[in-house]
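2 protein chains.
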Amino acid sequence: MTETQKSPRILILGAGAIGAFYGLALAEAGAEVSVVVRSEYDIVKANGYALNSQQRGDKVFRPAQVLSSVEQYQGGCPDYLVVTLKVIDGLDRVSLMRSAVGPQTVIVLIENGVEIEDEIAQAFPDNELISCLAFIQVSRIAPGVIIHYAFDALTMGNFPQGVSNKCKQFSSMLISSQVGAPLTENVVSARWQKCLWNAPFNPVSVLGGPIDTIKMLNAPSGEQLIRDLMREVALVASATGNPVPEGLIDTYISSTKKAPPYKTSMALDWERGDPMEVTVILDNTLAAAKRVGVVTPCLQTVTTLIKMLQLKKSEEK
Amino acid sequence: MTETQKSPRILILGAGAIGAFYGLALAEAGAEVSVVVRSEYDIVKANGYALNSQQRGDKVFRPAQVLSSVEQYQGGCPDYLVVTLKVIDGLDRVSLMRSAVGPQTVIVLIENGVEIEDEIAQAFPDNELISCLAFIQVSRIAPGVIIHYAFDALTMGNFPQGVSNKCKQFSSMLISSQVGAPLTENVVSARWQKCLWNAPFNPVSVLGGPIDTIKMLNAPSGEQLIRDLMREVALVASATGNPVPEGLIDTYISSTKKAPPYKTSMALDWERGDPMEVTVILDNTLAAAKRVGVVTPCLQTVTTLIKMLQLKKSEEK
Chain A
1 MTETQKSPRI LILGAGAIGA FYGLALAEAG AEVSVVVRSE YDIVKANGYA LNSQQRGDKV
61 FRPAQVLSSV EQYQGGCPDY LVVTLKVIDG LDRVSLMRSA VGPQTVIVLI ENGVEIEDEI
121 AQAFPDNELI SCLAFIQVSR IAPGVIIHYA FDALTMGNFP QGVSNKCKQF SSMLISSQVG
181 APLTENVVSA RWQKCLWNAP FNPVSVLGGP IDTIKMLNAP SGEQLIRDLM REVALVASAT
241 GNPVPEGLID TYISSTKKAP PYKTSMALDW ERGDPMEVTV ILDNTLAAAK RVGVVTPCLQ
301 TVTTLIKMLQ LKKSEEK
Chain B
1 MTETQKSPRI LILGAGAIGA FYGLALAEAG AEVSVVVRSE YDIVKANGYA LNSQQRGDKV
61 FRPAQVLSSV EQYQGGCPDY LVVTLKVIDG LDRVSLMRSA VGPQTVIVLI ENGVEIEDEI
121 AQAFPDNELI SCLAFIQVSR IAPGVIIHYA FDALTMGNFP QGVSNKCKQF SSMLISSQVG
181 APLTENVVSA RWQKCLWNAP FNPVSVLGGP IDTIKMLNAP SGEQLIRDLM REVALVASAT
241 GNPVPEGLID TYISSTKKAP PYKTSMALDW ERGDPMEVTV ILDNTLAAAK RVGVVTPCLQ
301 TVTTLIKMLQ LKKSEEK
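Chains as they are written, first to last, in this note's numbering: chain A, 1 to 317; chain B, 1 to 317.
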């Protein structure tokens, strides 16, 4: 940004660990960052967010406006509406967003999974849409308290493709705060590449334990199962027009083996009793598979099993 | 038996719930029935087995000899050595049996799973081998205390095929005690037919919960998963020369739906922390699949997952 530019006004919808982390970075870059939070409204309103990060130090993030609903946002629609809502069944993202989307508002989705953009693109056809993938280990350990463990990159690009000036501006703000924000001309392919890791490791980490990445790979036939699942995802990705790079499966397996034992987000959600991102990671992959006519027996099996587990836990509550 | 025949001498190796149930029926038919037990030796030696059955009344079964090892058996080798040992990894059935197998001893296997006979047939090539499948709900609820809930049929035939006079005699003894003991000319095919139910429902009941049969079938895509698994088992069975009857999958699904919710033996073992019969039900099916060149992705997936669970539990002990 040059000094003559007005600070962008950013509203973060669903500011959990991810939203708070990137929100602070954007605020540090000079943006006017507000948040909509629900369950931790009182604490965040009073104290802001406490962010503890070995890499970045301990900081407090005090949003410009702390709101319990989008409708309360003051000063007109934001320049960027950043959506960090978890996509889970029964959550109507579009109606939650509606009142904050003005003609000039750029919608920024920070979410896991594949094929998550269509619903938003169809609901707001005249708004620019930036789709982002977070490669970060960050957790909310108490209301308003966020721990940042490792990594920080937010890969982004416009949906369905390309990189706009607004997208570059958003990336630049993060980079100016020393947060990785690589641009991609084809964010849909980037999603499939991330899904190639997520769709196998996440459900298996829950069904097989919960267990960490190393235990999964070392179990009898464990690596084989992960590879079989990856091959199915790769076939679907390719059939949707987003072939993953040659050798990516081997790369993922070997880098996961070299990295420390890692608990997937689904395993963490499961242990906390939180809803798991079955819809965006698994159902959306299976829906794509069906649409393009790819057979995915292993993926279908783990998805059905994880839904049984989820259903059982919800009935026990 | 005619009155001129000598009472058959029967030794039951691994007399848990199944062994005690059929052992009592055989004793009631006039056989001299002894047992080898390990963990509950003292109690069974002192009190015999208490068998509680709505169908058959409450009874006490006092074996002729209660032994803690096969080597202690008095009076020469038995006419029938009935093996009710669970086939689990690390258990060497052959060496446990060795000293009780004389030239005339008929070996009777009462076990779940497929392809469990070869090892025994190769170790004792000159002995007659009867292979049995128990369709019974019976549980050991405390040392020496057995509850019989429902059913009782022991389907049997010689391995690899046929029905010998000794096999008929064994069946007749059970029938004379009002226990079902149908004879089959092709016990290997009968095993595959039972496996068609066991291999899908058992692992899914553990991985998806543990949950009962009705919850499995009612879960989203649950029936589909069970049917996919059944189709894979049917393909393997057919390729091994044991095609299952046309329509058996539909029959199994509809009869399971009509029956009361049922917890599989694997789910019960899992809840009790006992070893699950993964080897005979799943590994042996997968080994057969590999041998005959049938692809079984769903079955491989549930098998790998259940081994992860099993490994995790064993590490926690």
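The hints are simulated quantities; they were obtained by calculation from the structure and are not laboratory data.
For each residue, glycine too, the CB sits at the ideal point set by N, CA and C.
Hints are not guaranteed to be accurate.
Unchecked claim - Per the computed footprint, the stretches of chain B lying under chain A, defined by three or more beta-carbons under 8 Å from a beta-carbon of chain A, are: (1) 113 to 124; (2) 136 to 149; (3) 213 to 224; (4) 307 to 313.
Stated by the list, open to error - From the structure, some residues in chain A lie toward chain B, with a derived Cβ separation under 7 Å: (5) G209; (6) G293; (7) V294.
### Message
Restraint: G293(A) near chain B, CB-CB cut 7 Å. Satisfied or not?
### Response
With a closest approach of 17 Å, the G293(A) hint is violated.
### Task
Using 7 Å as the Cβ threshold, decide whether G209(A) counts as touching chain B.
Result: holds, 5 Å to nearest chain B Cβ.
### Query
Are there at least three residues in the segment 136 to 149 of chain B whose beta carbon sits under 8 Å from a beta carbon of chain A?
violated (count 0)
### Task
Examine the segment 307 to 313 of chain B: at least three residues should have C-beta closer than 8 Å to a C-beta of chain A.
Holds: 5 residues of the segment 307 to 313 of chain B have a Cβ under 8 Å from chain A.
### Message
Min Cβ distance, V294(A) to chain B: is it shorter than 7 Å?
### Response
violated, 13 Å
### Query
Three or more residues of the segment 113 to 124 of chain B near chain A by CB distance under 8 Å?
Violated: only 0 residues of the segment 113 to 124 of chain B have a Cβ under 8 Å from chain A.
### Task
Between the segment 213 to 224 of chain B and chain A, see if three or more residues pass the 8 Å beta-carbon test, and mark the coverage as holds or violated.
holds (count 7)
The structure fails to meet hints 1, 2, 6 and 7 from the earlier list, while all remaining hints are met.
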